Amino acid sequence: MINKMLFINIKQFFKKPFTNLFPLAHIPDHLLAVLKRVKSGEVELNPPVPTPEGFRGRIAYDKDKCIGCRLCVRVCPANAISYITEEKKIMVHVDRCCFCAQCTEICPVQCLSMSNEFLLASYNRKEQVVVGNN
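Numbering of the sequence shown is given in full-length UniProt numbering, commencing with residue 1 and proceeding in unit increments.
Hint data in this document are derived by calculation from the structure and do not stem from the laboratory. Bear in mind the structure is a predicted one, so any value in this text is a computation, not a measurement. A virtual CB, placed ideally from N, CA and C, is assigned to each residue, including glycine. Careful: at least some of the hints might be erroneous.
What the hints assert, rightly or not - Estimated spans, in silico, between C-beta atoms of each pair:
#, residue 1, residue 2, range
1, Lys-11, Asn-46, 24 to 34 Å
2, Ile-8, Ser-82, 21 to 31 Å
3, Asn-46, Arg-70, 16 to 26 Å
As the list claims (entries may be wrong) - Distance condition first, Cα-Cα at most 20 Å in a straight line; then the derived SDA-like pairs of lysine to any residue:
#, residue 1, residue 2
4, Lys-65, Thr-104
5, Lys-4, Thr-85
6, Lys-4, Tyr-123
7, Lys-89, Val-109
8, Lys-65, Glu-86
9, Lys-4, Phe-55
10, Lys-65, Thr-51
11, Lys-11, Phe-99
12, Lys-65, Pro-50
13, Lys-126, Glu-87
14, Lys-89, Phe-55
15, Lys-11, Leu-31
16, Lys-63, Pro-48
17, Lys-16, Thr-51
18, Lys-65, Val-109
19, Lys-11, Cys-66
20, Lys-65, Val-129
21, Lys-89, Glu-105
22, Lys-16, Asp-64
23, Lys-88, Pro-48
24, Lys-16, Ala-33
25, Lys-4, Ile-84
26, Lys-15, Pro-77
27, Lys-65, Ala-101
28, Lys-89, Ala-78
29, Lys-4, Pro-48
30, Lys-11, Cys-100
31, Lys-16, Lys-63
32, Lys-16, Pro-77
33, Lys-88, Val-75
34, Lys-88, Cys-69
35, Lys-4, Pro-77
36, Lys-88, Ser-115
37, Lys-63, Ser-115
38, Lys-63, Glu-117
39, Lys-63, Lys-4
40, Lys-88, Asn-116
With the hints as extra help, turn the sequences into a complete structure.
Now the structure itself:
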């Protein structure tokens with residue numbers, strides 16, 4: 001099936017890599033000493049890089065817009081989306097998601113979108129489940 005995702009992937013082959021630099025040029029031996037030098041103004045940290053246009057971060061789900069068509073469930077290659085029959089809504093397991101954005105492309109009412117949130121590590125697995133209006 002040729003869709004928009006194929007063209008996006010091909011275009012990414014020719015783009016310059018996008019990485020967020022470590023705050024310092026080299027990893028310091030003693031972090032506390034470096035923080036003191038930063039405070040005194042001797043050392044300058046690299047500023048954080050803003051997320052680029054089209055960044056595919058944590059999935060946002062607007063439960064009120066969802067019509068329960070299940071197209072996103074069918075298209076998800078990672079089986080990260082499950083359907084809740086009683087509510088006729090979906091549940092997204094972010095810890096399984098591969099962030100391909102196929103679910104956002106196929107949704108007829110745009111209730112799914114990719115946010116700019118990328119710091120997703122957590123010890124609580126329940127935080128990795130999106131059930132609506134997140």
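Now for the hints, and whether the structure bears them out:
1. For Lys-11 and Asn-46, the Cβ-Cβ distance of about 27 Å falls inside the hinted range of 24 to 34 Å, so the restraint holds.
2. At roughly 26 Å, the beta-carbon separation of Ile-8 and Ser-82 lies within the given 21 to 31 Å, and the hint holds.
3. Separated by about 44 Å at the C-beta atoms, Asn-46 and Arg-70 break the suggested range of 16 to 26 Å.
4. With a CA separation close to 13 Å, the supplied pair Lys-65 and Thr-104 stays within the 20 Å bound.
5. The hinted pair formed by Lys-4 and Thr-85 fails the criterion: a straight-line CA distance of about 30 Å is larger than 20 Å.
6. Only pairs whose Cα atoms come within 20 Å are accepted, and Lys-4 paired with Tyr-123 is rejected, the gap being roughly 35 Å.
7. Among the hinted pairs, Lys-89 with Val-109 is consistent with the structure: their alpha-carbon atoms are about 13 Å apart, no more than 20 Å.
8. Restraint check for Lys-65 and Glu-86: the C-alpha separation of about 17 Å stays at or below 20 Å, so the hint holds.
9. Pair hint Lys-4 plus Phe-55 holds up; C-alpha atoms about 15 Å apart against a cutoff of 20 Å.
10. With a CA separation close to 26 Å, the supplied pair Lys-65 and Thr-51 exceeds the 20 Å bound.
11. Using a Cα cut-off of 20 Å, the hinted pair Lys-11 and Phe-99 holds, with the two alpha carbons roughly 17 Å apart.
12. Taken as a hint, the Lys-65 and Pro-50 pair is broken in the structure, with Cα atoms around 29 Å apart against an allowance of 20 Å.
13. For a cut-off of 20 Å, the pair hint linking Lys-126 to Glu-87 stands: about 19 Å separates their Cα positions.
14. Of the supplied pair hints, the one linking Lys-89 and Phe-55 is violated, its CA atoms being roughly 25 Å apart against a limit of 20 Å.
15. Simply put, Lys-11 and Leu-31 have alpha-carbon atoms about 40 Å apart, too far for the 20 Å limit, and the pair is violated.
16. Proposed proximity of Lys-63 and Pro-48 is contradicted: the alpha carbons are some 32 Å apart, above 20 Å.
17. Between Lys-16 and Thr-51 the alpha-carbon distance is near 15 Å, which keeps this suggested pair within the 20 Å criterion.
18. Between Lys-65 and Val-109, the direct Cα distance comes to roughly 7 Å. Compliance with the 20 Å bound is thereby established for this hinted pair.
19. Proposed proximity of Lys-11 and Cys-66 is contradicted: the alpha carbons are some 31 Å apart, above 20 Å.
20. At most 20 Å may separate the alpha-carbon atoms for a hinted pair to count; Lys-65 and Val-129 meet this at roughly 18 Å.
21. Straight-line distance between C-alpha atoms of Lys-89 and Glu-105 comes to about 18 Å, which keeps the hinted pair within the 20 Å bound.
22. This hinted pair does not check out: Lys-16 and Asp-64 have alpha carbons roughly 38 Å apart, beyond 20 Å.
23. Using a Cα cut-off of 20 Å, the hinted pair Lys-88 and Pro-48 is violated, with the two alpha carbons roughly 40 Å apart.
24. Distance check on the hinted pair: Lys-16 and Ala-33 sit about 35 Å apart at the alpha-carbon level, beyond 20 Å; violated.
25. For the proposed pair Lys-4 and Ile-84, the alpha carbon gap of about 28 Å is over 20 Å, so the pair is violated.
26. For the hint linking Lys-15 to Pro-77, the alpha-carbon distance of about 25 Å lies beyond 20 Å, and the restraint is violated.
27. Only pairs whose Cα atoms come within 20 Å are accepted, and Lys-65 paired with Ala-101 is accepted, the gap being roughly 18 Å.
28. Restraint check for Lys-89 and Ala-78: satisfied, since their Cα atoms lie roughly 18 Å apart, inside the 20 Å limit.
29. Of the supplied pair hints, the one linking Lys-4 and Pro-48 is violated, its CA atoms being roughly 30 Å apart against a limit of 20 Å.
30. As the CA atoms of Lys-11 and Cys-100 are separated by approximately 14 Å, the hinted pair is consistent with the 20 Å bound.
31. Among the hinted pairs, Lys-16 with Lys-63 is inconsistent with the structure: their alpha-carbon atoms are about 36 Å apart, more than 20 Å.
32. About 27 Å separates the Cα atoms of Lys-16 and Pro-77, which puts this hinted pair outside 20 Å; it is violated.
33. At roughly 17 Å between alpha-carbon atoms, Lys-88 and Val-75 fall within 20 Å of each other, so this suggested pair holds.
34. Restraint check: the Cα-Cα separation between Lys-88 and Cys-69 comes to about 9 Å, which is no more than 20 Å; the hinted pair holds.
35. For a cut-off of 20 Å, the pair hint linking Lys-4 to Pro-77 stands: about 16 Å separates their Cα positions.
36. Between Lys-88 and Ser-115 the alpha-carbon distance is near 23 Å, which puts this suggested pair outside the 20 Å criterion.
37. Between Lys-63 and Ser-115 the CA atoms are separated by roughly 15 Å; this keeps the pair inside 20 Å, and the hint holds.
38. With a C-alpha separation of about 19 Å, the suggested pairing of Lys-63 with Glu-117 holds against the 20 Å cut-off.
39. At most 20 Å may separate the alpha-carbon atoms for a hinted pair to count; Lys-63 and Lys-4 exceed this at roughly 25 Å.
40. Distance hint between Lys-88 and Asn-116 is unfulfilled; the C-alpha atoms sit about 27 Å from each other, more than 20 Å.
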